[in-house]
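Here are the chains, one letter per residue:
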Amino acid sequence: MGLSEHIVMRELDVPEINDFEVYRRHGGWEAYRMALKEKNPADIVAMVKESGLRGRGGAGFPTGIKWGFLPKGVYPRYLLCNCDESEPGTFNNHQIIDRNPHQLIEGVALSAFAIECHTAYIYMRGEFAAAAITLERAIAEAYRAGFLGRNILGTGFDLDIYVHRGAGAYICGEETALMESLEGKIGQPRLKPPFPAVAGLYGKPTIINNVETLANVPRIVEKGVAWYRSHGTEKSPGTKCFSLSGHVNRPGNYELPFGVPLRELIESPEYGGGMRGGRPVKIIIPGGASAPWLTHEHLDVPLDYESVAAAGSMLGSGAVIVLDDTVKAPHVAYKMDEFFKHESCGKCTPCREGTHWLVRVLHRIAEEGHATPEDIPTLHGIYNQMAGNCFCLLGESAVMPIKSALTLFPEEFEAVVAASRRLPHGNGQRDGKSGPVIPLSARH
Amino acid sequence: MSNRAPAESPARGSASAAIADNRQKLLEATMRRHQYRPDALIEVLHKAQELYGYLSPQLLASIAHSLHLPPSRVYGVATFYHFFSLAPQGEHTCTVCLGTACYVKGALEILSALEAETGLKAGHTSPDGRLSLLTARCLGACGIAPAVVLDGVVIGHADAETLRARLHALLAEAPVAP
Numbered sequence: 001m002g003l004s005e006h007i008v009m010r011e012l013d014v015p016e017i018n019d020f021e022v023y024r025r026h027g028g029w030e031a032y033r034m035a036l037k038e039k040n041p042a043d044i045v046a047m048v049k050e051s052g053l054r055g056r057g058g059a060g061f062p063t064g065i066k067w068g069f070l071p072k073g074v075y076p077r078y079l080l081c082n083c084d085e086s087e088p089g090t091f092n093n094h095q096i097i098d099r100n101p102h103q104l105i106e107g108v109a110l111s112a113f114a115i116e117c118h119t120a121y122i123y124m125r126g127e128f129a130a131a132a133i134t135l136e137r138a139i140a141e142a143y144r145a146g147f148l149g150r151n152i153l154g155t156g157f158d159l160d161i162y163v164h165r166g167a168g169a170y171i172c173g174e175e176t177a178l179m180e181s182l183e184g185k186i187g188q189p190r191l192k193p194p195f196p197a198v199a200g201l202y203g204k205p206t207i208i209n210n211v212e213t214l215a216n217v218p219r220i221v222e223k224g225v226a227w228y229r230s231h232g233t234e235k236s237p238g239t240k241c242f243s244l245s246g247h248v249n250r251p252g253n254y255e256l257p258f259g260v261p262l263r264e265l266i267e268s269p270e271y272g273g274g275m276r277g278g279r280p281v282k283i284i285i286p287g288g289a290s291a292p293w294l295t296h297e298h299l300d301v302p303l304d305y306e307s308v309a310a311a312g313s314m315l316g317s318g319a320v321i322v323l324d325d326t327v328k329a330p331h332v333a334y335k336m337d338e339f340f341k342h343e344s345c346g347k348c349t350p351c352r353e354g355t356h357w358l359v360r361v362l363h364r365i366a367e368e369g370h371a372t373p374e375d376i377p378t379l380h381g382i383y384n385q386m387a388g389n390c391f392c393l394l395g396e397s398a399v400m401p402i403k404s405a406l407t408l409f410p411e412e413f414e415a416v417v418a419a420s421r422r423l424p425h426g427n428g429q430r431d432g433k434s435g436p437v438i439p440l441s442a443r444h
Numbered sequence: 001m002s003n004r005a006p007a008e009s010p011a012r013g014s015a016s017a018a019i020a021d022n023r024q025k026l027l028e029a030t031m032r033r034h035q036y037r038p039d040a041l042i043e044v045l046h047k048a049q050e051l052y053g054y055l056s057p058q059l060l061a062s063i064a065h066s067l068h069l070p071p072s073r074v075y076g077v078a079t080f081y082h083f084f085s086l087a088p089q090g091e092h093t094c095t096v097c098l099g100t101a102c103y104v105k106g107a108l109e110i111l112s113a114l115e116a117e118t119g120l121k122a123g124h125t126s127p128d129g130r131l132s133l134l135t136a137r138c139l140g141a142c143g144i145a146p147a148v149v150l151d152g153v154v155i156g157h158a159d160a161e162t163l164r165a166r167l168h169a170l171l172a173e174a175p176v177a178p
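Those protein sequence lines, which keep their order, are chains A and B.
According to the numbering used here, the first sequence is numbered sequentially starting from 1.
According to the numbering used here, the second sequence is numbered sequentially starting from 1.
Next up, chain A with everything else stripped away, as it sits in the complex:
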C-alpha cells in the first residue's frame, strides 16, 4: 500500500524545492495567495476542522478544534510553530525544513491568516542551527516576494514570522515551557488552566502547532477536504511521516497513510527493509521514548491513533524505534530513563526525584548486574508514585519505559536478582548491615 502522492513530503524528488521560485512553480504559495484573495479566515478554520487534521506533535488533538478555542475578539494573538523536536527517535521535522522550508512557512502563514494573527514564531531546537539558517533564508525570500510583511498582496493582511532558537532543553517541547522559553526564561512548564488558547505567550491567546501539522495545511486548502480525507482512516485522516530507527535495515523517514500496519513499515523493502540480520523483533516503541512499548505480537496493529491506543500504547510523534533480541529490557529502560532524568526540569518533586531514583536503581541492575529481591517492588513503587502526580507529561513519560520493561519482561529483572544471589560476596539480601542498597558507585 504505497502512497501515490506525498502530502507532508510533497515534491520529494524535485531538486532545489527549497528555493522560492522552484516551490512557486510547483504550485507552492498558491493556497495562501488564493486564501488571502478569496476566502475568509473562518473558511480556512472550517476546512481544517472538516479535514480532521490532527496534531502531529504527539497528542493527536484535532487542529481545527484547537483553533476554535481562541476567545472571540481578543487580540493580539500568536501562532507558535513547535519545532523543538527533541523526542528521542523523532527526526522528521528538521527533514521537512531542510528539504522544503517554504512548505512549512506557507503552512504557518496560512494558519496565521486563519486564526487572525499577525505575529508567528517558529521555535527551533537549539541543535538545528543549519535548519534555522535555511528557514531564515526562505522567510527572507517570502518577504521579498511580498508574501510576508505589511499589506500582503494588497489584501491588508500583515504577518511577521520570526525564528527563535532554543538552547538544548527537551522540556521546551512542552507547549507552556516553550512559551516560557520564548519569553527568555528557563523552560519550566506553566500550570494549566489557563490554556494557551486563552492566555499563552505574553498572556495573550496563543495557538501552538507542530511542524508536520502546519505543513499539511497548504495542501488541505489547495486540494480540499474530500481529497485529504481520501488518505488514512476515518478518524485519523491524512498521512504521517514516520521516523523509523533502531535495528531495521533501512532507518529513515517514511510518509505513509494512517492505518498501515506496523509490519509493513518495518518489513516492506520500500520502507524498513526488515530487521538487521533477520533477527526477531523484541521491542517496538511506536511513538518516541514516551510511548509504552509493544512487542512482536503487535506487528499487525495499524498505525493510526485509535488502533495504537487500543494496543496499549500511543502513536505520539510517530517515532518508531524497533529493537531486536540482542537488547536487554533493563538496559533499554535504563538508557531511556537516564534521558528523562537528564531532561527533568526540576520543577516538581515526583519527576525530579522519581527519575533520579529510577536511574540509580536501574543503573545498578543494568550496568552492574546487581539486584536485590526488593528492587523490583521498589521500582514498581517509584513509578506508581510518579504516575499521575507529575506537573507535566515529562514525568509521566519517564514512567513508560520502566513500567513497560517490568510488565513485558519481568523475567529479565528476576534473572539479575537470581544471579546476584550467587555472587561470591553475596550482597543479594538486604540485612541492614551490608551497606546501602544503592552502592556509591551508582551515584551520578
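Because the hints were derived from the structure by calculation, they are not lab data.
Heads up, a few of these hints could be off.
Cut-off 27 Å, straight-line C-alpha distance, at most; resulting in silico cross-link-like pairs (DSS-like, lysine-lysine) [stated by the list, open to error]:
| hint | chain 1 | residue 1 | chain 2 | residue 2 |
| --- | --- | --- | --- | --- |
| 1 | A | Lys49 | A | Lys204 |
| 2 | A | Lys49 | A | Lys235 |
| 3 | A | Lys185 | B | Lys121 |
| 4 | B | Lys25 | B | Lys47 |
| 5 | A | Lys49 | A | Lys185 |
| 6 | A | Lys39 | A | Lys204 |
| 7 | A | Lys39 | A | Lys223 |
| 8 | A | Lys328 | B | Lys25 |
| 9 | A | Lys185 | B | Lys47 |
Use these hints to put chain B onto chain A, whose structure you have.
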C-alpha cells in the same frame, strides 16, 4: 559584579584588544537590535557564546546589566539550557550521541574507543585545550545512528576506527595561533 566589560576568553589568552573590542561591539549590536528587551535573553546568550566561545561570569554580569535583569535570572537561564557552556571548550569538540537509537547501534563502544584514544573522560577538555569530548542525549539524527558531531558537522553511521583516525588527523594539525 558591576563590571560592564566582558572578560576576554582565556582560551585566546592575549587576544589583541582590537578583537575583544570588536566582539563586544557585535554583542552590543545584537542587544540593540532586540531593544535590550529582557525576553531576548536567550538570543543574546547564543550570540555571546558564538563570539566568546563560552559564557564567563563577567560576561553574564554585563549581559544582566544591559538587559536590566537580575544576575540570578541570567545565570539561571545560562545553566538551565544545556547548549550554554560556562567553561571554555576545547579548540575541537567531538560529541557522541547516546540517544536510544545510537545506543542500540553501539554508541557506547565508540565512546569508549574515543576515551581510550584521547585519554579523556566524556564531558572533559584536554589540559592543552585542544579537544573536548562530549556526549549528547539525542541529536535527532536517529535515522543515521550512531551519530557523532565533530566540530559541528554531523557524522552518520559512525564507527570507532574512522573516528579515531579523524580525531588523530585533527589533533595533528597545528593548533590555532593564540
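To see whether the hints hold, each was checked on the structure:
Of the supplied pair hints, the one linking lysine 49 of chain A and lysine 204 of chain A holds, its CA atoms being roughly 23 Å apart against a limit of 27 Å. This hinted pair checks out: lysine 49 of chain A and lysine 235 of chain A have alpha carbons roughly 12 Å apart, not beyond 27 Å. The hinted pair formed by lysine 185 of chain A and lysine 121 of chain B fails the criterion: a straight-line CA distance of about 32 Å is larger than 27 Å. With a C-alpha separation of about 12 Å, the suggested pair lysine 25 of chain B and lysine 47 of chain B falls inside the 27 Å cut-off, and the hint holds.
Restraint check for lysine 49 of chain A and lysine 185 of chain A: not satisfied, since their Cα atoms lie roughly 34 Å apart, outside the 27 Å limit. Of the supplied pair hints, the one linking lysine 39 of chain A and lysine 204 of chain A holds, its CA atoms being roughly 26 Å apart against a limit of 27 Å. The hinted pair formed by lysine 39 of chain A and lysine 223 of chain A meets the criterion: a straight-line CA distance of about 14 Å does not exceed 27 Å. Under the criterion of a C-alpha separation no larger than 27 Å, the hint pairing lysine 328 of chain A with lysine 25 of chain B is inconsistent with the structure, at around 54 Å.
For the hint linking lysine 185 of chain A to lysine 47 of chain B, the alpha-carbon distance of about 16 Å falls within 27 Å, and the restraint holds.
Comparing the model with each earlier hint shows violations of hints 3, 5, 8; every other hint is respected.
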